[in-house]
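*Asks:* This is what each chain is made of:
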Amino acid sequence: MAVPFLERNLRITPIDTFIDPPQPRARAIITHGHADHARSGHDAVLATPDTVAIMKTRYGENCARSFQALEFGQPLQIDGVTVTLYPAGHILGSAQVLLEYKGQRIVVTGDYKRLHDRTAQPFELVQCDLLVTEATFGLPVFQHPDPKAETSRLLRSLSQEPERSHVVGCYALGKAQRMISLIRECGYHDPIYLHGAMVRLCDLYEQHGVPLGELRQATGTAKGELAGKIIIAPPSALKDRWSRRLADPVLAMASGWMSVKQRARQSLVELPLVISDHCDWNELRQTIAECGAETIWVTHGREDALVYYCQGQGLIAEPLNIQAYEDGPEDAGGDETGDAAEGRAA
Amino acid sequence: MKRFAELLELLALTPSRNRKIAALSTYFSDVPDPDRGYALAILTGALSFKNVKPAMLREVVLEEVDPNLFAMSYDYVGDLGETIALIWPHQETAEDLPSLTKLIDLFNTTPKADLPRLIAALLTRPSTNERWALVKLATGALRIGVSARLAKTALADYGGKELQDIEEVWHGLTPPYGELFAWLDGKTGRPEINHTARFHPLMLSNPIDEDKDLAKLAPSEFAAEWKWDGIRVQLILGSGRASLFSRTGDDIAAAFPDIVDNVSGEAVLDGELLVGHDLMPATFNDLQQRLNRKIANQKHLTDFPAFIRVYDMLFDGQNDIRSLPWLERRRHLAGWLQANPQSRLDLSTVIPFKDWDELARIRRQGADEHGHEGVMLKLMSSPYVPGRPKGLWFKWKRDPNVLDAILMYAQRGHGKRSSYYSDYTFGVWKGNEIVPIGKAYFGFTDEELRRLDKWVRAHTVQAFGPVREVEKQLVFEVAFDSAQESKRHKSGVALRFPRINRIRWDKPAAEAATLADVELLIDAT
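First to last, the protein sequences are chains Z and V. Heads up, the first sequence is in the working numbering, so the first residue is 1 and it goes up one at a time. Heads up, the second sequence is in the working numbering, so the first residue is 1 and it goes up one at a time.
Same shape as in the complex, but just chain V (with noise of 0.2 Å):
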């Protein structure tokens, strides 16, 4: 365990990338099975523990620490697990942490009553960074600027290998990865993985830049579709439950049953999950009801139902497809859709235009009217390369809506940012009252970050725990792909991906936007 937290520390204070995959190469080549593998799935957040949780973690640490105390700690410092390391109040225990494989099946096996017991026992020793370690293994809320991806890499280093290949097996392995780490070090061949159980890297797009990109691209050579707001997906078709991936290869099935149990046939496509009812498009507020939870309700299921806009194929039965131009494959998928009739599944249509001036008219009145959040280009000769490849699918998204917005509340924030107060809640005039529309995060450089900071200490009104009421002065110009009606906020208005464009230290409050200003923003959808 000592050799892991000084691996985590190491990733977590290295600001080089490159000296993070040598770091991680060497622990690999120096560290043994199974413990490496437990390592990388820690990395990778493959793993979890059914009974080892934040809240619990808090409960014993609230057991030793005047609860008061431990809220002021954790204000300051910002990571929960950071705080629970360093308050530890025992040292007396002088022998190292078990390893990681056995702390991991501790974790596993410890009957739920005795867990706190044992935590607290593992706490008490004398190294803060081995216990900040071990509240980062419970938890599993690493927080230290590595990717599953930085791993992955990583891996292709160690191993001699391209990232692709990783990629390519990586969703058909489980931890503690001892035969990937067998082929890596050339005792065996590549893990044996069945194709329809697993997941396919994803073919991204880039962003158009539209004075440099367009005049050399030609029309004719491209498919348009409209940018669905969604989250993409990929759905494996084959036989038994379909398996359903998010675009980072996460198994996102158990909260889609309405999808996985409707859907038949055998292929791997890769579309847009929205909700609606008779596949019509409801808000990203609406689907948003149905993200981030594991396990989907009735309640959503009725009100909010799940279906996928299908707009590429990767493989068409057993047949892998992706080497073939995207109007080859456009073609497979069109046919099996009439082949195999589904109720959870459409096909995203294609939009025809002549020139590009065409479609930025089109572009901008799918806007206006149906709040789609620009178009896709796609190079119709192109074959399906995972990756964020150059010059084969384009991203062109419409303008983003601005308006001038009052500074109201800032919180501290997390992790690079704690104890910054770098969360910023923003309103707009509503008469002589000003009334909150939307929360920024980002948008604004480190050295703007200091500054906003050291104005929120200077212009505090009130403190409410980590929040701070600020007098109503500064300007912030916010942009915003699109504004929503809602429930939750008290304007009734919701703006969809807002950020800071602009800090306006110049422009009096009296100018910002009126809550009418933003009304009429508000999609037609």
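Bound conformation, chain Z alone (with noise of 0.2 Å):
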């Protein structure tokens, strides 16, 4: 392959534009609306119309200087770049970037899943000659279960502690509305309280046409009311005194994590629910070897499993060391990203 047109912080050369970057920017290219990806600050921001209004919700409407929203599947020519989006399938929004310049194709991925999902525009398999893959859960012991087997998990708790609140712990953004989406799609039809961190973006998934069912607020509500009930709240508000006003809550959470029961432990989670808006080990070598790509680069995660993976199939692979910047110890900004060991609720 000719010398890749993206450079290894994800500039892209011939149009001086970033993607996902972590320093405000003159021109970035966001892939989606998690806090490790999406940053205020920039001058001109390209994202998917979700994810814009992702964006202003979370961090204001003058996040950025100005916003371009591109529909998937729609071709965008910049100075010769052809800039084209495709779903992710990660959160509302959330989008893969395809860029053909001189009859080079780059995908970067993002965040991204090939699983169900009700919440997220479904994943969309797409050709290329170097593939940027995340590898969030880039190890072997990482595979996700079935979503629904895990939710059932969750309704059935409930039917059994009938006294006890169940409190899911999920980040605000993609995975809160996703955990409701499949509580309903299991059946549950009761209304579903939340922790106030939850509010705006459950109205605004609403608002881009993701019904919810019957929301309510958990703060006020009487502790009796809330027994038995099932409350949606940020990981940092399970072991926040916010959560001493519920009825001898069971401790769920949701996240890809999860899976480690020794992490579940650590985080003093009874009820851990292995549910991940990441790909899992199989699907990112199943991503790898459908794509076409010769040369993968890899990032966000553990990128040495994936890497040593890629070589081992004759691929050309690196790993990028992008420094993800770091946000207070409790929530790493609204993804699983963080390593739980690192001090974070994931």
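Source of the hints: derived by calculation from the structure; they are not laboratory data. A portion of the hints provided could be inaccurate.
Said to hold, decoys possible - DEER-style ranges, computed between Cβ atoms:
(1) Gly-224/Z - Asn-18/V: 18 to 24 Å
(2) Gly-213/Z - Thr-93/V: 17 to 23 Å
(3) Asp-209/V - Gly-213/Z: 55 to 61 Å
(4) Ser-159/Z - Asp-75/V: 37 to 43 Å
(5) Glu-206/Z - Pro-508/V: 56 to 62 Å
In this text, all values refer to a predicted model and were calculated from it rather than measured experimentally. Backbone N, C-alpha and C define an ideal beta-carbon position, used for all residues, glycine too.
Build the complex: two chains, separate frames, hints provided.
*Replies:* Here it is as structure tokens:
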């Protein structure tokens, strides 16, 4: 392959544009709304309409000087580079970026998953020469189970312990709405109670056509009323004084990390639900095999194992070691990208 | 097996002790014999399989998984059993695992050569949780935060008995505990146990609080003995070979044939197992050569002969004397030793003293000159009360030594701390170089652990597999019970029972201790 027109810090050389830059830049393409990908302070932002709406909701209308919304599948010419966004299946509006320049095709996946999810546009496979893939769950121990089976474990616990509140720790953007949607899909139609931090983003999802059923605010609700109910809260709230208002709560957590029981124990999670918005090991391998790329750049996660695997498949592979910048220890900015060991509640 | 897998998961994840007990109790009432008995055996560590071992499971997995990917995964997960369960790449079999009883039978009766194929077939199913339980069962390394004591508490709860009642019969029973459950279900009486073969729960001491306790205790009512630095044992003598139990009731006779083959008489004795020639205690380092070995080898038997320094007597002949006061029991013990001369037993001496100040002086002197760990105080009027009763026996340990050492390497922990860099190797100055003198993995809070983990990740110089070498900047105040010469450590010094006393975020590494400082603390023994 020719020298790629994308640099290892995800700068698209011919148009001086960065993908998901951690520092403010003149021009940025944003794959999705999680804080480790979407930052405020860029001059010009290009993203899907849903992502633009999410950024404005989270960071304010003026979090970038200008926004350009680009629909999925619509090619956009910028000085000889063609940019097309394809669904990544990670959260509402999440996109992979296809870049075409002088016959070379590069795909930057952002975060993605291939499992069914009613709250996100389904992943589309894009052929390319160079694939820049995430590797959040890039170890063969990560084999995500069926999310509906995991959700029914929550509902079973609820029927076995009907006097206890069930608090499900979920990141406010994406996971919370997917969890609610899964609960509905499994036939539970009682009101679901929300921690205050969830409300705006649930509203936004509903406005963008994702039905979530009846939602109520948990804050201000009498303790007795919350017994035997499902409450969706950010992971940081599980250990916080906030959860003391609940009736003898069962602490559940929806995250791909929850497959490791020792991790669940560390975070005092009693009911781990292995529900992830990232590819597991098998989906990562499947994507690498199917996209046709000869060169794989690996970022965001357990790069070493996936690079080793790709090289074993005869591919050219290298880790990018992009320094994801750190948020506070409690919440890695709304995504499960953080390693539980780094002191986050993931 | 499904039910057992659910129980294991609940036990692993429920932080509440009461809820664990309730879950066990429910399990015992829901599940029939002999499955529930085998479950109990697994939870109390009473079951092991001759041919099913962690190393074999690892080999089974490495037939299917790239070894490097396995190593990276194990490093990440931090628990071998869990890594195996999570990484197993096949899920085709839809049918349920066989019952617990059937599985145990398969593990015990399948020829060794066929076991890998059996394990692979059993692992090949969709539920990670069942694979996890299966691996836990096969390897016996549960790591789910359930002690044998908790399981026995649940038995007491289930059968409406006192924990003491369970403890009394426990060591005479074997899996799958049919007669135990029949008794707990009220179908039969309490199982008859031959007392000479069974472990009697030990009487334990409480640490003394010098400021609060001493003022309240009358010196004339207490006897003092040295706190011997060995392991607590119970020796049971009668017809047949003697039995030797550790403080938790594990049968350790096979590891100490030099004791059990050289004692005679009839009694149940309580004492400290030590090693040394001519009944002279050597260091704990020497004793360690003999510990954690199922069977002793000849060289160890010659180099480190074991003996027991006895200090209490529970049965004199067939007579249960536990209700007698300490002073009376002591008289029985001395009389018995005189009537039954022994080459591998001797009597722990009583230290005469008038008041606490005098004893404090003796204690300090004993620590400085002979490396004694401290003294034991026993209320002379007290009966032998199993468990840790308040106010009867006290341990008065000497003050720990402390020194400032520099963090050199950190390693990821296991179990509850998997993924955290929680095992620390630290060193002291030797000229311009820093030499390691010990390793510690406790003495800090969870909060401090998180901060240490972050520090280690941010200050790594090099990584060697799971070990990270860090910048030599962070000072720990390390507390330890004693320092001894050691050939194993590059520094020539080994610390006994080191723990992190404080993390000196403030202190520059240049001000940490030197090897010469440490050598001054080496015991006189």
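*Asks:* So, for every hint listed, does it hold in this structure?
*Replies:* Each hint tested on the structure:
no., hint, verdict
1, Gly-224/Z - Asn-18/V: 18 to 24 Å, "holds, 22 Å"
2, Gly-213/Z - Thr-93/V: 17 to 23 Å, "violated, 37 Å"
3, Asp-209/V - Gly-213/Z: 55 to 61 Å, "holds, 58 Å"
4, Ser-159/Z - Asp-75/V: 37 to 43 Å, "holds, 39 Å"
5, Glu-206/Z - Pro-508/V: 56 to 62 Å, "holds, 57 Å"
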